[in-house]
Amino acid sequence: MDDQYTVRPDTAASAARVWHDGQPVYDRGDTVCVIGAGGSGLTVIKNLREAGFSVDCYERETSVGGAWNWRHDRSPVYASTHLISSKPFTQFPDFPMPDDWPDYPHHSQMLTYFERYADHFGLREHVWFGTEVARVEPLRDGRRWDVTVRGSRGGQERTLRYAAVVVANGHNWSPRYPEIEGLDDFRGQVLHASAYSDAAQLRGRKVLVIGGGNTGCDLAVEAAQQATRCWHSTRRGYWYAPKYVLGRPADQANDLLRWLRLPLALRRWLFTRLLRLTVGDFSRLGLREPDHKPYESHPVVNSQLMYYIGHGVITPVPDVARFTRGGVEFADGTSADPDLVVLATGYQPVFEFASPELLGIDADGRPRLRLQLFSRTHPTLAVVGLVQPGSGMFSIAHWQAVTVARWLRRWGADPERAAAAWGRRQGKPERRFVQGRVADSSRHWFEVDHVVYLRALQRSLDELEAA
Amino acid sequence: MTTKIVRQREWALPPAPVRREVLSAAPTDAGAAPPVLFVPGFGHGAWAFAEYWLEYTCERGFPAYAMSLRGHGESGSASKATLRAYVHDVTQVAASLPRQAVLVGHGASALVVAMALARYPARAAVLVSPVFGGPGAAFSALLRNPLATVPAVFGRPLRPRRGQLFSRELPVADRTRHAARLGGASARAQWQLVAHRAPEDPVGAPPVLVVGSPDDRIAGRAALTAVARRYGGAPLLFPGMGHDLMLDMRWKEPIAAILDWLDKPDQ
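Those sequence lines, one after another, are chains Z and Y. Going by numbering that gives the first Met the number 0, 453 is the number at position 454 of the first sequence; the sequence numbering is gapless. Going by numbering that gives the first Met the number 0, 70 is the number at position 71 of the second sequence; the sequence numbering is gapless.
No lab work stands behind these hints, which were simulated from the structure alone. Everything numeric in this text was worked out from a predicted model, so none of it was measured. Among these hints, one or two may not hold up.
To be verified - Taking lysine-lysine pairs in the DSS-like style, the calculated list, with each CA pair at most 30 angstroms apart, reads: (1) Y:Lys251 - Z:Lys242; (2) Y:Lys3 - Y:Lys79; (3) Z:Lys242 - Z:Lys292; (4) Y:Lys251 - Y:Lys263; (5) Z:Lys242 - Y:Lys3; (6) Z:Lys242 - Z:Lys205; (7) Z:Lys427 - Y:Lys79.
What the hints assert, rightly or not - Derived contacts from chain Z toward chain Y, CB cut-off under 10 angstroms, selection only: (8) Asp26; (9) Arg27; (10) Gly28; (11) Asp29; (12) Thr30; (13) Lys45; (14) Met96; (15) Phe120; (16) Leu339; (17) Val401; (18) Leu453; (19) Gln457.
The beta carbon of each residue, even a glycine, is placed where N, CA and C say it ideally should be.
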């Protein structure tokens, strides 16, 4: 027995027999703690239950759906958000989306989908809604966990002991703000994309959208439809993939080519060829030529951006150099006078409940995980959904959850052997799950290619089954 | 147990959407009873279960559903449907039900259900008079019933004899009525019944029950035993009945046994 945790036999009558920092600890035995009941959290609950675990899930909101539930404070969706990956890649592989939904469903359909998933598999009874996780601390042995929770609107803290913790708290809720000279002095309105909810916010305004990611491009298109003027500022040239090519959703066409085993170089050539045949020379439209090859960066899927640039409604501009009181100057010396600036500069993952070393979080806030999934130091800690696939999210989250469930089952069956296997894995070098080289890899540090990554998960599952 | 994750062909080429017939009978208070989805075999539509089993299952307190595969019953036509499209139909309907469902497949749809089990974590599965096909089974069917199978070689629907589908107990009028409603699966799916890969392992480890009649001249005792062994059990046998257990005179015995099995606490 160590000094930090003491057993008090005199309180044997109550549920809590163990104490931690003067607080009772309710030992939940082999139960697994899941943090978050968004799309990833739900599939973790479902797959852990299927593998025979009992599960306590904590959700700070009062309903499921996480980022896809527009009622949630932290939800980044806006009225017209649609998926950018088509159904077969986005859905949970064992719970297909209805055939009569469109190829690229609307965000409200995603929420319906998650609610139906939760009802279908009876997941809600395992979720403690309106409860957030304050602290996650490993016990001395580094295997079990003390999790301190409290009501998300305040209230008494409560500590429970779990056999494992699976984090699924999402990564699209803490806005990342760029540091741009003079932004504080700018008199116009500045809005992060997370605070954008409805096209009415753009109507009749002169809008500058900063950011060349998928959100940035979608918002530039929204602004083109609603605002009086729209500038779209990107740092570099991108490959803008259309949503449909070769008569089918672009990601389906792409996977068809990969299934036919077309080599990467040939697919790149075909991609460039298709763009040249349809859009033509990017520079003709005032866009910069991409400084990287196709598939080297997170894909931007947008059919309408080119259309509106071609109609002169969106003015593509380079990086912002500085803001002045009444306007903005760009890197090429030109300037503009927007009255609304939308920062589509992305989000950063935040794990406020865990000390950084648990997830190997470096100075830039990036966790270093094995298989983009498991803690490198603690065998019973995993993060599900912390990937940015060039494809749909939730099929990947499902297989991550299955891998975690199988690993924990093996761990529970024979911890010593499992620990030995764990030790062997520790020596393996970090790898990226991408095809070819990745441009600007520091920004896209959790980017994965869905096929490369799922093949890696397949190998892990096979190893877990063989053992 | 192996799990297949990467399915690029399926992602790239999803089966075409189709209108699907789903009949239902819901009890006033289902309680915790899981929904039961009946999948009729090749040539049959949802009507085959609507005759008796659907109502009976509902009376026993289970929400009951019967569907028609594409190209069958009132579902949309699909002359080029593959087994994969049929599996897609089953998982689509199963996922549309309010709770995790029990899948009941009859005849060749027992194979479709067995394949669907790898794509949808069913609460449980029941394979009724399963026809898993294969070259050997196709050859013996050719010998036993050349009138039905030779045309099928040329793309015509498989037409089992009435004597194979129903027992002699069933009045002739009923036999004629049912036989008149029989359709056929697509030629492609019929060929796949002869040559297909074995169904992948089920996901979520559902309990599987095999039910049939040793006197069934389409899926006899040997076939029943082989399928049941694959799922680690023995078949539940109802002697004296034909292939279409759900339409025979003694239709109540097998469905009562199936629901008793579902009612057991460990299912």
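Hint check results:
{"no.": "1", "hint": "Y:Lys251 - Z:Lys242", "in the structure": "53 angstroms, violated"}
{"no.": "2", "hint": "Y:Lys3 - Y:Lys79", "in the structure": "26 angstroms, holds"}
{"no.": "3", "hint": "Z:Lys242 - Z:Lys292", "in the structure": "19 angstroms, holds"}
{"no.": "4", "hint": "Y:Lys251 - Y:Lys263", "in the structure": "18 angstroms, holds"}
{"no.": "5", "hint": "Z:Lys242 - Y:Lys3", "in the structure": "28 angstroms, holds"}
{"no.": "6", "hint": "Z:Lys242 - Z:Lys205", "in the structure": "27 angstroms, holds"}
{"no.": "7", "hint": "Z:Lys427 - Y:Lys79", "in the structure": "49 angstroms, violated"}
{"no.": "8", "hint": "Asp26", "in the structure": "28 angstroms, violated"}
{"no.": "9", "hint": "Arg27", "in the structure": "24 angstroms, violated"}
{"no.": "10", "hint": "Gly28", "in the structure": "22 angstroms, violated"}
{"no.": "11", "hint": "Asp29", "in the structure": "19 angstroms, violated"}
{"no.": "12", "hint": "Thr30", "in the structure": "20 angstroms, violated"}
{"no.": "13", "hint": "Lys45", "in the structure": "8 angstroms, holds"}
{"no.": "14", "hint": "Met96", "in the structure": "8 angstroms, holds"}
{"no.": "15", "hint": "Phe120", "in the structure": "6 angstroms, holds"}
{"no.": "16", "hint": "Leu339", "in the structure": "39 angstroms, violated"}
{"no.": "17", "hint": "Val401", "in the structure": "7 angstroms, holds"}
{"no.": "18", "hint": "Leu453", "in the structure": "5 angstroms, holds"}
{"no.": "19", "hint": "Gln457", "in the structure": "5 angstroms, holds"}
This entry does not satisfy hints 1, 7, 8, 9, 10, 11, 12, 16, going by the numbered hints stated previously.
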